[in-house]
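Chains as they are written, first to last, in the working numbering: chain Z, 1 to 267; chain F, 1001 to 1159.
A hint or two may mislead.
Pairs of lysine-lysine, BS3-like flavour, derived with a Cα cap of 27 Å [said to hold, decoys possible]:
#1 K1066/F - K77/Z
#2 K1080/F - K1131/F
#3 K222/Z - K1149/F
Derived by calculation from the structure, the hints in this document are not laboratory data.
Each chain is listed here by its residues.
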Amino acid sequence: MSPTVDDLTREFERCKAALKSYIVRITGNRQEAEDIAQETWIKAQRNLAGFKGESSLKTWLFEIAQNIARDHLRSLKRWPEEVGDICKDAAMKDPDFFREAMTIRQTSPQGHFEIREHIAFCFTCVSRSLPLEQQLALMLKEVYEFSVKEIAGIMHNTEAMVKYWLHTGRSRMIEVFDKRCALINKEGVCHQCTELNGIFNPKQNAQEEAVKIQMVRDAAKKDKEHLFDLRMKVIADLDPFTSPAAKLQLHHLEFDRKVMDRHLDTA
Amino acid sequence: MITTASLSAQRPATTNRTTFHRATTVSTVIRADEAIIWALLTNAADYPRWNSTVTSINGNIALDEKIVLRSTLDAKRSFKLKVKEFEPAKKLVWGDGKGKRTYTLKNNDDGTVTFTMHERIGGLMFPMYAKHIPSFDASFDAFAADLKKEAELIQNKAH
Chain Z
1 MSPTVDDLTR EFERCKAALK SYIVRITGNR QEAEDIAQET WIKAQRNLAG
51 FKGESSLKTW LFEIAQNIAR DHLRSLKRWP EEVGDICKDA AMKDPDFFRE
101 AMTIRQTSPQ GHFEIREHIA FCFTCVSRSL PLEQQLALML KEVYEFSVKE
151 IAGIMHNTEA MVKYWLHTGR SRMIEVFDKR CALINKEGVC HQCTELNGIF
201 NPKQNAQEEA VKIQMVRDAA KKDKEHLFDL RMKVIADLDP FTSPAAKLQL
251 HHLEFDRKVM DRHLDTA
Chain F
1001 MITTASLSAQ RPATTNRTTF HRATTVSTVI RADEAIIWAL LTNAADYPRW
1051 NSTVTSINGN IALDEKIVLR STLDAKRSFK LKVKEFEPAK KLVWGDGKGK
1101 RTYTLKNNDD GTVTFTMHER IGGLMFPMYA KHIPSFDASF DAFAADLKKE
1151 AELIQNKAH
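Please take these sequences and the hints and turn them into a complete structure.
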């Protein structure tokens, strides 16, 4: 039996938060996420008669949203894996960045700084160094728990290619975080989350905060696949629009996007 | 008919020499989708991750594009090559004035693909520098084995 508008409305409301969080994680743009979610709803309603039930309504909604976002994303240059270093330098030179961030910290109920929130933010930025298809497939699988078959439907490609994107994207991200992230590797070059914790939460001990996260506790085991799974779990457990640090992290994300736009224009 | 033995075994690379040319070929049967094998062969930046014979490939592996390849065969040299043929999931050819490397994929319609890599080098001046070019056989064997291992790993990975 074909779904009704009521079925679609219920499903859209059920997956709207996941849909918006997916879009903001792949576009880095809060307003775009709102707009694409809205456009997805309009297109889904308009095309409901054409829905053949070959996938779930949720998968179909993600497919519509991704189709809307993908053409724009394809026109954008990919970010370098050193995005954190580049944006940190830019933030240090920009007095407005910390002034705005501190205002959010002090006035917004979603202005807390938490290391686990920064882990999610960091992955959103670094994963933009992957080829687009790898980034999208990885997010859909590891964070939003779609199957390979469902991802193939969302991305209009074969299951074999989805497997390839997942494998190569995952391998690349494991390598990048193993090299960079000081939370899991003592030789890691990036300490940004603990440094920012010191700025936003000066009374806290950053190391004590970090070890509350299982990925950090398990780091000594050195099983890189396991650590990556735990990193993905941190991300999956957070909603970038409703988490306690949402406003602060969205501010950081907006800043990074603008910095990278300028950086890539001049590169 | 493809047998288990033929799937696991890879025939060693062979080289034929004439006065003006040298040609090396390796072939192996891979139990993976041809799209996966093709993606591995055409993603330049990803080569060093899975291929023990390639140090780096800069550029875009697409028709008429120029690439720069560095190989473990001669770590000091970089090879500036042009992609001369690009037939998705079937054939890829790159080369320069002295040689041409051809990759072919043949779908065996039984879940396997026969991968063949062939390189022909030479020309009128070949006899003068032939002795300075190392054998490709071991490198070709490693290339084919790495490709088979990686493609089958991706194909069989549980998601």
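Do the hints match the structure? See the list:
This hinted pair checks out: K1066/F and K77/Z have alpha carbons roughly 20 Å apart, not beyond 27 Å. With a CA separation close to 21 Å, the supplied pair K1080/F and K1131/F stays within the 27 Å bound. Pair hint K222/Z plus K1149/F holds up; C-alpha atoms about 24 Å apart against a cutoff of 27 Å.
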